[in-house]
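Q: The chain contents come next:
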Amino acid sequence: MIKKIFTPIMDNDIKNLRAGDIVNLYGTIYTARDAAHKRLIDFLDKGLDLPINVNNEIIYYVGPCPARDGQIVGSAGPTTSSRMDAYTPRLLDLGLKGMIGKGIRDESVTASIIKNKAVYFGATGGAGALISKKILFEEIIAFNDLGTEAIRELKVVELPLIVIIDSKGNNMYDLGKNKFKIQ
Amino acid sequence: MKDIHINNIIRTVREKIINVNIILNDDILNSIKCNIKVEESNCGKDILEQILENANIAEKEKLAICQDTGMVVAFVEIGQEVRIVGGSLEEAINEGIRKGYKDGYLRKSVVLDPLIRLNTNDNTPAIIHYNLVEGDNLKISLLPKGFGSENMSRLAMLKPSHGIEGVKSFILETIEKAGPNPCPPIVVGVGIGGTFDKVAIMAKKALLRPIDIKSDINHIRDLEEEMLVKINRLGIGPGGLGGRVTALGINIDIYPTHIAGLPVAVNVSCHATRHGEILL
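Read top to bottom, the protein sequences are chains A and B.
Residue numbering for the first sequence is 1 to 183, as defined by the numbering used here.
Residue numbering for the second sequence is 1001 to 1280, as defined by the numbering used here.
These aren't lab readings, by the way, just hints derived from the structure by calculation.
Keep in mind that this is a model prediction, so the values were computed, not measured.
Treat the hints with care, since some could be wrong.
Within a straight-line C-alpha distance of at most 35 Å, the following computed DSBU-like cross-link-like pairs (lysine-lysine) qualify [unchecked claim]:
no., chain 1, residue 1, chain 2, residue 2
1, B, Lys-1062, A, Lys-133
2, B, Lys-1033, B, Lys-1016
3, A, Lys-181, B, Lys-1099
4, A, Lys-181, B, Lys-1016
5, A, Lys-4, B, Lys-1108
6, A, Lys-133, B, Lys-1198
7, B, Lys-1099, B, Lys-1016
Chain B residues, not near chain A, derived (Cβ > 10 Å throughout) [to be verified]:
no., residue
8, Ile-1006
9, Glu-1061
10, Leu-1089
11, Leu-1115
Even for Gly, the Cβ is constructed at its ideal location relative to N, Cα and C.
Please model the complete structure; the sequences and the hints are all you need to start from.
A: Here it is in structure tokens:
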């Protein structure tokens, strides 16, 4: 069964999500990857206001291809999340409720997900063309000079995701692998 | 001597680099179609179906298969009877890439200095390996390599006493550590032998071989078959969500090495193992 989730995501939605759940996401999300995360954390270190309010929001780790004429965005699949691990707990402490990416997170991120009652979604790595069709609006809202790494606001419809780490800390990568590993 | 003008190189590199980023190669497409039947995990099947649908959309709408359109690795075989006219070969290859990434709406993912990290905004320079060969042909193989999988690649200077079992363990350990990060199902390029530098290039170059073509060396073909089975017993599965299909193929190349060494390199690649060849 596919669960429909709308942003801003509610605590109740998060509480009911379990690792392995298939989700279709609807609403506004924000993009940020390596360089944007570094800047966000630099802002926090200097005591400056962030250019986006992360409270109750979801960040998608993506650096899209440029759009052709008539397209909203180019290919836009997830990048490897672990490069954001060093920054994620501070954003979760500010009220960020979800991340979309692919791949393993470290223990500090899992602990912060549990502490802040958040959720880590996986999008399909290598399905960037398919995912671009689920994006109905795209606008750069901060760090324009970073090009593909700028922070964008996206409006998504039926974005196909899977819950990788739920708010209890269950991890779909571990569950799935243990089920299919042949000794 | 055969003259080849750089304008010809620029034009063909531009075209080829756009095409390889948009059209998934047949060996990979066929392998995914076969593996949908093999996959036992529902999530895994779903991921493989998404990948097929993605390839269709990409080709139809001229979208990149993956937004990580990579850093371009070029293998150049230049015949000793070829003369490049009109300018520099290296600059021509980079100019073709520059134009291709701009005109093909491909992502620019190269930073000029690894520590300062400012984007060059044209996806150059490429990594170019040259080989001087007999004849009057110029062959350029282009491989735009994404870094989700590149970052999971490893190299070891094993001892000769580690032998084939050491090589097998190192390959398996590398894939197991990579887990979901390189976007499984993956394609694996392996180099064994040579030197520290040679073995890494071999592992990369092994990715140029279509996955339905096995090594023509008997014991290496056996090793490829054995390792593909073993990798697919790890349970990582499509998307890393658990399943039977972790790798679509593994290509292994070997080279003579030193009496004291057993270098091995594992270059991990994703289903979007994009490569194409230009022959002038």
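Q: Decide, hint by hint, whether the structure agrees.
A: Here is what the structure says about each hint:
1. B:Lys-1062 - A:Lys-133: With a Cα-Cα distance of about 13 Å, the restraint between Lys-1062 (chain B) and Lys-133 (chain A) holds, given a limit of 35 Å.
2. B:Lys-1033 - B:Lys-1016: holds, 25 Å
3. A:Lys-181 - B:Lys-1099: Judged against 35 Å, a Cα distance of about 45 Å means the pair is violated.
4. A:Lys-181 - B:Lys-1016: Given that 35 Å is the threshold and the Cα spacing comes to 40 Å, the pair is violated.
5. A:Lys-4 - B:Lys-1108: Roughly 34 Å between the alpha carbons, so the hint for Lys-4 (chain A) and Lys-1108 (chain B) holds.
6. A:Lys-133 - B:Lys-1198: Measuring from Cα to Cα gives roughly 42 Å; hence the hint is violated.
7. B:Lys-1099 - B:Lys-1016: Given that 35 Å is the threshold and the Cα spacing comes to 11 Å, the pair holds.
8. Ile-1006: Nearest chain A Cβ is 27 Å from Ile-1006 (chain B), so the label holds.
9. Glu-1061: violated, 7 Å
10. Leu-1089: holds, 28 Å
11. Leu-1115: holds, 13 Å
Violation of the numbered hints given earlier is confined to hints 3, 4, 6 and 9; the remaining hints are satisfied by the structure.
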